[in-house]
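Peer 1: Here is how the chains run, residue by residue.
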Amino acid sequence: MAIFSASDERRFMPWRVWIAAISVVALATVPLAGQSSGKPAPASVAKPVKSVNVVKKTPWGDPDLQGVYTFSTLTPLQRPDALAAKVALTEAELAEQEERDAENRVAEDRPLAPGNPGTYNNFWTSNEKGRRTGRSSLIIDPQDGRRPPLTPQAQKLRDQLTDEAAARRVGTPPFDHVIYRSWKDLPAYTQCVSRPMPRQSQAYNHGLQILQVPGYVVIHYESMHDVRFIPLDGRPHLPDNIRLWNGDSRGHWEGNTLVVDWTNFDPRQEYEGAPQGNMHFVERFTRVDAKTIDYEVTVDDPTTWTKSWKFLLPWRADDPNYQKPEDLYEYACHEGNYRQMEDALNGSRVLEHAAGK
Amino acid sequence: MRDRLIVARLPPLCYTVARLREVRRTRRRFTVLTIAFAAAVAGAVLSQAAARVVAQAPAAAYRAPRTPDGKPSLNGIWQAMNEANWDIEAHGTGPSPYPELLGALFAQPAAQGVVEGGPLPYTPEALAKKKENFAKRLTRPTSRELNETTGDPEAKCYMPGVPRATYMPMPFQIVQTPQQVLIAYEFANATREIHIGRKPEAPAESWMGWSIGHWEGETLVVDVTDQIDRTWFDRAGNFHSSALHVIERYTPMSADHLMYEATIEDPKVFTRPWKMSMPLYRRVEKNALFIDFKCVEYAQEFMYGHLLSK
Numbered sequence: 001m002a003i004f005s006a007s008d009e010r011r012f013m014p015w016r017v018w019i020a021a022i023s024v025v026a027l028a029t030v031p032l033a034g035q036s037s038g039k040p041a042p043a044s045v046a047k048p049v050k051s052v053n054v055v056k057k058t059p060w061g062d063p064d065l066q067g068v069y070t071f072s073t074l075t076p077l078q079r080p081d082a083l084a085a086k087v088a089l090t091e092a093e094l095a096e097q098e099e100r101d102a103e104n105r106v107a108e109d110r111p112l113a114p115g116n117p118g119t120y121n122n123f124w125t126s127n128e129k130g131r132r133t134g135r136s137s138l139i140i141d142p143q144d145g146r147r148p149p150l151t152p153q154a155q156k157l158r159d160q161l162t163d164e165a166a167a168r169r170v171g172t173p174p175f176d177h178v179i180y181r182s183w184k185d186l187p188a189y190t191q192c193v194s195r196p197m198p199r200q201s202q203a204y205n206h207g208l209q210i211l212q213v214p215g216y217v218v219i220h221y222e223s224m225h226d227v228r229f230i231p232l233d234g235r236p237h238l239p240d241n242i243r244l245w246n247g248d249s250r251g252h253w254e255g256n257t258l259v260v261d262w263t264n265f266d267p268r269q270e271y272e273g274a275p276q277g278n279m280h281f282v283e284r285f286t287r288v289d290a291k292t293i294d295y296e297v298t299v300d301d302p303t304t305w306t307k308s309w310k311f312l313l314p315w316r317a318d319d320p321n322y323q324k325p326e327d328l329y330e331y332a333c334h335e336g337n338y339r340q341m342e343d344a345l346n347g348s349r350v351l352e353h354a355a356g357k
Numbered sequence: 001m002r003d004r005l006i007v008a009r010l011p012p013l014c015y016t017v018a019r020l021r022e023v024r025r026t027r028r029r030f031t032v033l034t035i036a037f038a039a040a041v042a043g044a045v046l047s048q049a050a051a052r053v054v055a056q057a058p059a060a061a062y063r064a065p066r067t068p069d070g071k072p073s074l075n076g077i078w079q080a081m082n083e084a085n086w087d088i089e090a091h092g093t094g095p096s097p098y099p100e101l102l103g104a105l106f107a108q109p110a111a112q113g114v115v116e117g118g119p120l121p122y123t124p125e126a127l128a129k130k131k132e133n134f135a136k137r138l139t140r141p142t143s144r145e146l147n148e149t150t151g152d153p154e155a156k157c158y159m160p161g162v163p164r165a166t167y168m169p170m171p172f173q174i175v176q177t178p179q180q181v182l183i184a185y186e187f188a189n190a191t192r193e194i195h196i197g198r199k200p201e202a203p204a205e206s207w208m209g210w211s212i213g214h215w216e217g218e219t220l221v222v223d224v225t226d227q228i229d230r231t232w233f234d235r236a237g238n239f240h241s242s243a244l245h246v247i248e249r250y251t252p253m254s255a256d257h258l259m260y261e262a263t264i265e266d267p268k269v270f271t272r273p274w275k276m277s278m279p280l281y282r283r284v285e286k287n288a289l290f291i292d293f294k295c296v297e298y299a300q301e302f303m304y305g306h307l308l309s310k
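Protein chains in written order, with my numbering: chain Z, 1 to 357; chain B, 1 to 310.
Since the hints were derived computationally from the structure, they do not count as laboratory data. Because the structure is a prediction, the values reported are computed rather than measured. Hints may contain errors.
Unchecked claim - Distance condition first, Cα-Cα at most 16 Å in a straight line; then the derived EDC-like pairs of lysine to aspartate or glutamate: (1) Z:Lys-324 / B:Glu-100; (2) B:Lys-131 / B:Asp-152; (3) B:Lys-286 / B:Asp-266; (4) Z:Lys-310 / Z:Asp-300; (5) B:Lys-199 / Z:Glu-270; (6) Z:Lys-310 / Z:Asp-261; (7) Z:Lys-184 / Z:Glu-342; (8) Z:Lys-184 / B:Glu-297; (9) B:Lys-310 / Z:Glu-352; (10) Z:Lys-291 / Z:Asp-319; (11) B:Lys-129 / B:Glu-148; (12) B:Lys-130 / B:Asp-152; (13) B:Lys-199 / Z:Glu-342; (14) Z:Lys-307 / Z:Glu-164; (15) Z:Lys-310 / Z:Glu-283; (16) B:Lys-286 / Z:Asp-233; (17) B:Lys-199 / B:Asp-226; (18) Z:Lys-184 / B:Glu-89; (19) Z:Lys-184 / Z:Asp-300; (20) Z:Lys-184 / Z:Glu-164; (21) B:Lys-310 / Z:Asp-185; (22) Z:Lys-310 / Z:Glu-272; (23) Z:Lys-184 / Z:Asp-343; (24) B:Lys-275 / B:Glu-89; (25) Z:Lys-57 / B:Asp-69; (26) Z:Lys-307 / Z:Asp-185; (27) Z:Lys-310 / Z:Asp-294.
So that you can see chain B by itself, here it is in the shape it has in the complex:
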């Protein structure tokens, strides 16, 4: 419209040249601008699409929210959801210890196991000991010698040690501060402190071991030593010596689950190191709460019943 008005005012030949130049310039400018704008938009759209594709790729690491000191936060109430406490190796179903009293209650469910790569690499003597542990797992401790050498410590409400505490069928809570990570387990109200940024020495051996931790990227790596040799790995009698060294790895995988790995080294019992792994799930219900399971009172008749007044 505007061009037609200009057409009406200028002398014919000058107008033609001037008009030609002006229109071409305008058209070129507009073309260039339009193409540049379209390219910029296309670039933005494509890069966003590309970013979305990358974020959904399963191999990409999850970046957990940070604590104030910049570390991935493991704070919260967590629980394993597996059958490892029955038997960490692959196993079929089985009866409870007293089927005539309990029926199907407390019968054992089957599981593929949490141990990576085949049967546990016991030495021949240690394998015999494991089988003896299982056969005598519910022997009542009618003497101090029996109490100290025989029977599943879980039945006595003894602290489960590491790694068994992690996969007891009860929650645990992680409290993460810069200097230490405190983990409290509902079973037997067992606690352990993981020291970060310093390496104090264990004053003595203990039931929950001595834990020194450090961060590797998104993973908390914990070295556990000095654990008393009276804890078991499960109800199947899998055991260790006082030479046990556990290397745990806690890696956040999403907002509501971690991957837990534990490498076991014990040259007095096993011919080589071996590893277990399992997810740990956050307890997400409203008002999820750590509630003590102080089970000593439930173990007393089992342990001391033979000492009652007649």
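Isolated chain Z, as found in the complex:
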């Protein structure tokens, strides 16, 4: 005779089954380990791509252009007439160029002729060896190293502006002056409104820094404390009615080169003697070595030049004055400009009075 009958089994089994069932249901509500509730799992950081050339990359895989640089150079934008078809200079020619430059700087410090108020001298310029590109011009296209001709409309505009300024000229050379009716008769840079872009050679405060964060390349220029934010996410340019002194930049990578499309310039700014409103630049930044970025700019404005042109200007990290971010000083242009504006405009009022105007 069975001590435990089937009916006993049925009496004992159900509570275990219930506990098992409840446990299974409860398990379904417990999120898997490693996921925080409510938020998707974070995307993993992209691993840097190993390239054959072992180019330095940021931790998120973009080519690394970062550093503190200077763009100062002895090479002129346009090839001097005397050098005609010569693209590259020999060592001897480069040495002679530097010697002439050194002589000029000494000459700047000689005592001035009476009545000559003087100008920038050696104290102001940041000079050192190694600022030569080895070429006779920064312009590499056209082949003659010079800007293409102006269009007829651009030439007409330039002639108009020259005539208009000549009408405001008083006195006898070498001490003749253009009268400034208002601050608008001074270049935008002298007004400390904005300095033309792209930046080419300047005598001082020619440092800049490239910084990178995911989604942006950022260029911080010492001069005018300008900052350009270059989004890399493929967004469109600002609408055409938004015109900025520093334009509007959009970047993308082509291999190890940052290509930047630059538009939306303020038509009141002048670049290379022409109003900048219709100008379109394409910049190409390529790291050449640990201390050099090749900066190539294609300049395109069919209303100003008959064809586009291109210059190549190396950004160098070998200037002892520009090694660290703190070597970029604050350039408080406008904050320090009151006296110059007052003197320039007052001077014009004096000249007007003297000329009986």
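Take the given structure of chain Z and dock chain B to it, following the hints.
Peer 2: For chain B alone, coordinates are given in the frame of chain Z:
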């Protein structure tokens, strides 16, 4: 079912004992396993519930996403949303400087203020100077002496200095790299570099001051010194001397806002240090972009209009 079959095959007494033992063992094993399983599940469910409760507690610190060098990321476009640029202290509504020309445009809104704990602790002489600043805030600079001593620098598009740049009514962008944090402010296109991990000395005083930063947990702490004494704290004429030392703290509070605190020490102007604080909000719209506000051209007639050709 299976037990009944076993029941059918074994001799009665042996079967009974063996069966009893077997069933008890099985039942015990099953009981033990079931209880252990249930306990484990209950533990998991309870601990998850407990974790959720802790995460929602308001006092728990927010842990911001990290930059590649392991620091809380402050990268992005931010903006204060308050009335501090009008007047950092509690204030009522007020007219614009030229109500006969502007009506209600540019009239001042009221605010509870961003300064913690009562009125600013000016010395008596400094308080008189603050009131004079306010009375003469829109004096046109018709001489270099006036320009250097009088008037709200904002009207002249001068760089606003720290902390005012933070709460100008315009965005700013933080660019964070291991060696430095660059902050660019739309107003006057002002920029400043916060040096991290090293302490270079200021070459000279400057409008945006000299900033040395370090991390304390989730907070970026910045010491700002060597700021020129011509910046103001707001449009109400609150000012400082060249002895100003600002200690800023930037703490991420959520994905889209930071808490900003600034302690002000200036023994030449104030009788004790004081502190302001405010949230800073991320600009979250699609394609949010830093757009320069180079305002010099808008300040020129105000500053140089008296020098025009007749």
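Peer 1: Indicate, hint by hint, whether the structure satisfies it.
Peer 2: Hint by hint, here is what the structure shows:
1. Z:Lys-324 / B:Glu-100: Distance ~52 Å between Z:Lys-324 and B:Glu-100 Cα, so the pair is violated.
2. B:Lys-131 / B:Asp-152: holds (12 Å)
3. B:Lys-286 / B:Asp-266: Not satisfied, since the Cα-Cα distance of roughly 41 Å exceeds 16 Å.
4. Z:Lys-310 / Z:Asp-300: With a Cα-Cα distance of about 9 Å, the restraint between Z:Lys-310 and Z:Asp-300 holds, given a limit of 16 Å.
5. B:Lys-199 / Z:Glu-270: violated (40 Å)
6. Z:Lys-310 / Z:Asp-261: holds (14 Å)
7. Z:Lys-184 / Z:Glu-342: Holds: Z:Lys-184 and Z:Glu-342 sit about 13 Å apart, inside 16 Å.
8. Z:Lys-184 / B:Glu-297: The given pair, whose Cα atoms are some 9 Å apart, holds under the 16 Å limit.
9. B:Lys-310 / Z:Glu-352: Status holds; Cα separation ~10 Å.
10. Z:Lys-291 / Z:Asp-319: holds (10 Å)
11. B:Lys-129 / B:Glu-148: holds (15 Å)
12. B:Lys-130 / B:Asp-152: Judged against 16 Å, a Cα distance of about 11 Å means the pair holds.
13. B:Lys-199 / Z:Glu-342: violated (39 Å)
14. Z:Lys-307 / Z:Glu-164: violated (27 Å)
15. Z:Lys-310 / Z:Glu-283: Satisfied, since the Cα-Cα distance of roughly 10 Å is no more than 16 Å.
16. B:Lys-286 / Z:Asp-233: Given that 16 Å is the threshold and the Cα spacing comes to 11 Å, the pair holds.
17. B:Lys-199 / B:Asp-226: holds (14 Å)
18. Z:Lys-184 / B:Glu-89: Since the Cα atoms of Z:Lys-184 and B:Glu-89 sit roughly 39 Å apart, the hinted pair is violated (cutoff 16 Å).
19. Z:Lys-184 / Z:Asp-300: Violated, at about 26 Å.
20. Z:Lys-184 / Z:Glu-164: holds (13 Å)
21. B:Lys-310 / Z:Asp-185: holds (15 Å)
22. Z:Lys-310 / Z:Glu-272: holds (13 Å)
23. Z:Lys-184 / Z:Asp-343: holds (15 Å)
24. B:Lys-275 / B:Glu-89: holds (11 Å)
25. Z:Lys-57 / B:Asp-69: Roughly 14 Å between the alpha carbons, so the hint for Z:Lys-57 and B:Asp-69 holds.
26. Z:Lys-307 / Z:Asp-185: Violated, at about 30 Å.
27. Z:Lys-310 / Z:Asp-294: Holds. Z:Lys-310 to Z:Asp-294 sits at ~13 Å (cutoff 16 Å).
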